[in-house]
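Student: As a plain string of letters, each chain reads:
Protein chains: 2
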Amino acid sequence: MKVVITGGTGFVGTRLARKILDKGTLAGPSGKQEPVDEIVLFDVALPPSLPEGMDDRVSMRQGEIADKDTVDALIDQPDIGVFHLASVVSGGGEKDFDLAMRVNLDGGRYVLEACRALGSAPRVLFTSSIATFGGAAMPDVVGDLVKQTPQTTYGMTKAVLELMINDYTRKGFLDGRSARLPTVIIRPGKPNAAASSFFSGMFREPLAGVECKIPVPPDVRHPVIGYRTVVDGILALYEADSDAIGDDRAFTLPSTSATVAELMDALDRVAGDRPLGKRTVEPDPFIQDIVKNWPRAAGADRALALGLPHDNSLDDIVRAYIADYVDI
Amino acid sequence: MKVVITGGTGFVGTRLARKILDKGTLAGPSGKQEPVDEIVLFDVALPPSLPEGMDDRVSMRQGEIADKDTVDALIDQPDIGVFHLASVVSGGGEKDFDLAMRVNLDGGRYVLEACRALGSAPRVLFTSSIATFGGAAMPDVVGDLVKQTPQTTYGMTKAVLELMINDYTRKGFLDGRSARLPTVIIRPGKPNAAASSFFSGMFREPLAGVECKIPVPPDVRHPVIGYRTVVDGILALYEADSDAIGDDRAFTLPSTSATVAELMDALDRVAGDRPLGKRTVEPDPFIQDIVKNWPRAAGADRALALGLPHDNSLDDIVRAYIADYVDI
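Each protein sequence line maps, in turn, to chains A and B.
The first sequence: position 29 = 29 (UniProt numbering), numbered continuously.
The second sequence: position 13 = 13 (UniProt numbering), numbered continuously.
Hints may contain errors.
[To be verified] DMTMM-like, lysine to aspartate or glutamate: derived pairs with alpha carbons at most 20 Å apart:
| hint | chain 1 | residue 1 | chain 2 | residue 2 |
| --- | --- | --- | --- | --- |
| 1 | A | Lys171 | B | Asp98 |
| 2 | B | Lys68 | A | Asp98 |
| 3 | A | Lys292 | B | Asp248 |
| 4 | A | Lys68 | B | Glu94 |
| 5 | B | Lys147 | A | Glu113 |
| 6 | A | Lys147 | B | Asp98 |
| 7 | B | Lys278 | B | Asp289 |
| 8 | A | Lys292 | A | Asp106 |
| 9 | A | Lys292 | B | Asp247 |
| 10 | A | Lys147 | B | Asp247 |
| 11 | A | Lys19 | A | Asp247 |
| 12 | B | Lys171 | A | Asp289 |
| 13 | B | Lys171 | A | Asp301 |
| 14 | B | Lys68 | A | Asp67 |
| 15 | A | Lys68 | B | Asp247 |
| 16 | A | Lys171 | B | Asp248 |
| 17 | A | Lys68 | B | Asp144 |
| 18 | A | Lys147 | B | Glu94 |
| 19 | B | Lys95 | A | Glu113 |
| 20 | B | Lys147 | A | Asp247 |
| 21 | B | Lys171 | A | Asp140 |
| 22 | A | Lys147 | B | Asp301 |
| 23 | B | Lys68 | A | Asp106 |
| 24 | B | Lys147 | A | Asp301 |
| 25 | A | Lys147 | B | Asp248 |
| 26 | B | Lys147 | A | Asp140 |
| 27 | B | Lys171 | A | Asp96 |
| 28 | A | Lys171 | B | Asp144 |
| 29 | A | Lys171 | B | Glu94 |
| 30 | B | Lys292 | A | Asp248 |
| 31 | B | Lys292 | A | Asp247 |
| 32 | B | Lys147 | A | Asp144 |
| 33 | A | Lys147 | A | Asp324 |
| 34 | A | Lys95 | B | Glu113 |
| 35 | A | Lys190 | A | Asp284 |
[Stated by the list, open to error] Not the full set, but computed from the structure, chain A residues with beta-carbon under 10 Å of chain B:
| hint | residue |
| --- | --- |
| 36 | Gly119 |
| 37 | Thr153 |
| 38 | Leu163 |
Source of the hints: derived by calculation from the structure; they are not laboratory data.
Here the structure is a predicted model, which is why all the values come from computation and not from measurement.
Even for Gly, the Cβ is constructed at its ideal location relative to N, Cα and C.
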């Protein structure tokens with residue numbers, strides 16, 4: 001079978017591709033495990049060469065997800081599995097509404113329509129977000145049954161796609177699953193336009209000996225997930241038995257609710273004697289306005305019942321990051 | 001100011017237009033009351049002449065809501081108020097998925113985009129539906145904070161528009177409000193493709209001396225609203241102070257939860273000695289499959305707090321219908 005990962009050259013997409021290569025098989029449209037012959041990493045901009053850890057089963061393809069013909073050409077054979085990760089991020093979506101609508105909503109719909117056109121009802125894993133929750137009536141812990149009243153265009157488009165995936169699945173057009181991602185820590189590389197980017201930066205920059213500005217107060221509480229666990233969770237939800245999922249195909253992935261201060265403490269504990277770049281709290285109104293409307297903790301009863309993985313501790317996430325990206 | 005009512009020649013649209021004519025003014029984009037100079041009833045198919053009770057402020061325009069240019073030409077001046085009622089109905093949407101997506105989702109988005117393009121942030125009242133609720137996890141009473149997991153394409157597209165209206169409002173592109181309609185009884189005229197059509201037919205046909213088949217068992221419970229009250233509720237939500245609405249612009253209109261048997265009893269009570277056409281329960285699997293996933297009762301705390309109207313009794317609805325449409 002062919003596997004398509006949109007947004008595939010990003011951090012999560014690349015790690016997911018490696019995981020699939022190691023595994024060697026995935027559930028095909030019939031639900032049976034099939035050998036993965038080909039993985040296409042689709043993205044709007046490509047790195048100069050294949051990311052590390054790939055083999056000759058993997059290729060990259062450049063294109064716009066908001067272009068219907070491009071998406072139709074990408075999702076082109078019945079024996080396929082699709083991981084739809086491509087997205088304008090939260091801060092980016094607040095700055096360019098039309099881009100968020102085009103990429104997240106139109107692009108997402110093209111992916112679903114292309115899958116439907118195959119006639120094989122392939123599995124589709126969509127990465128949604130806990131930014132689908134928000135608003136004045138949001139409870140302290142957002143469980144799977146909380147009404148979604150997102151307060152960003154990003155969150156709105158993600159909630160819309162969740163609704164569409166439920167309906168396309170109900171109609172038998174595809175076998176969809178939405179993984180609602182908590183904030184993923186610790187992303188290597190450079191900051192991005194996500195309002196949550198600092199949740200990685202506050203580990204990454206100090207460990208690189210670089211000074212880091214934290215744009216929200218230390219008591220801000222937020223649900224986070226380790227980058228290894230998020231990839232395992234995405235893959236486990238893709239592989240889950242379709243009937244066990246039920247009519248709501250969207251699951252918040254299990255997370256850890258932590259304050260910014262607790263995250264700083266975890267880094268201090270794990271870093272030990274390592275020299276760390278200075279961390280300064282310097283509130284940024286644009287980021288704060290977005291983050292204040294996000295959930296402080298996210299329930300994941302349904303995901304846990306389905307057997308999706310959970311981080312052991314914040315310290316373990318920091319330790320993994322140091323092993324994978326610092327001490328190399 | 002100009003008032004546009006999409007789906008305006010329908011039952012609710014026509015009664016709404018009459019109400020606005022009587023009232024004479026509506027809240028304009030600034031929130032201040034303005035004289036209504038013009039009402040345009042936009043619809044995909046028009047009656048041969050203006051509906052009864054209109055005057056020279058009213059005109060009709062034929063067109064497709066799923067055509068962007070048509071919508072742009074309709075919503076063409078900053079000093080405007082829009083009631084977006086046009087929609088493929090529930091049963092119709094189950095039979096033609098693409099039509100529901102085109103009319104309800106694309107058409108709705110064109111309406112929002114046309115309003116945004118005016119730059120005046122006009123008020124937009126959208127008629128959503130309690131069919132946005134559903135699914136295995138739905139509680140017995142769906143309140144305003146229940147997660148929306150619709151089980152029809154109709155319900156899905158309505159939920160998507162609610163999300164978009166919240167976001168367009170948050171962004172300041174327009175001042176949106178979504179009225180989630182319970183099943184409206186008693187619609188005069190002919191049955192339509194709505195799966196809920198029988199909730200009107202079971203009154204209308206017997207009162208016309210016509211035999212009537214009821215496609216669900218008598219113990220089916222469902223929230224209904226009288227046709228006078230629904231129009232009053234739509235108008236009251238349009239007129240409500242914007243700041244009092246908050247970040248979730250969608251309100252379930254207050255309804256009465258009644259079983260099919262209780263509705264039959266109400267007709268018997270009010271009809272008294274009138275001869276009634278025979279009512280036969282004859283389950284229809286297509287209708288039953290849709291209706292079984294709808295809410296049995298709908299909470300409306302937020303709507304009541306905002307002062308939206310509530311029916312006094314089922315009997316009053318039947319009495320009004322006899323006065324308005326039978327004894328004329």
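Student: Decide if the proposed pair is consistent with the structure: A:Lys68 and B:Glu94, CA atoms, cutoff 20 Å inclusive.
Tutor: violated, 25 Å
Student: Take a quick look at whether A:Lys171 and B:Asp98 sit within 20 Å of each other, Cα to Cα.
Tutor: Holds. A:Lys171 to B:Asp98 sits at ~12 Å (cutoff 20 Å).
Student: Within 20 Å, alpha carbon to alpha carbon, are B:Lys171 and A:Asp96?
Tutor: holds, 11 Å
Student: Does B:Glu94 lie within 20 Å of A:Lys171 when you go C-alpha to C-alpha?
Tutor: holds, 9 Å
Student: Within 20 Å, alpha carbon to alpha carbon, are A:Lys147 and B:Glu94?
Tutor: violated, 24 Å
Student: Do the alpha carbons of A:Lys147 and B:Asp248 lie within 20 Å of each other, as the hint requires?
Tutor: holds, 10 Å
Student: Grab the minimum C-beta distance from A:Gly119 to chain B and call the hint holds if it beats 10 Å, violated otherwise.
Tutor: Nearest chain B Cβ about 15 Å off; hint violated.
Student: Straight-line Cα separation of A:Lys292 and B:Asp247 no greater than 20 Å?
Tutor: With a Cα-Cα distance of about 14 Å, the restraint between A:Lys292 and B:Asp247 holds, given a limit of 20 Å.
Student: Are B:Lys171 and A:Asp140 close enough, with their CA atoms no more than 20 Å apart?
Tutor: violated, 25 Å
Student: Take a quick look at whether B:Lys278 and B:Asp289 sit within 20 Å of each other, Cα to Cα.
Tutor: violated, 25 Å
Student: A:Lys147 and A:Asp324 were given as a pair; does the straight-line alpha-carbon distance stay at or below 20 Å?
Tutor: violated, 38 Å
Student: Take the C-alpha atoms of B:Lys147 and A:Asp301, compute the straight-line distance between them, and say whether it is at most 20 Å.
Tutor: holds, 15 Å
This entry does not satisfy hints 4, 5, 6, 7, 8, 11, 13, 15, 16, 17, 18, 21, 28, 33, 36, going by the numbered hints stated previously.
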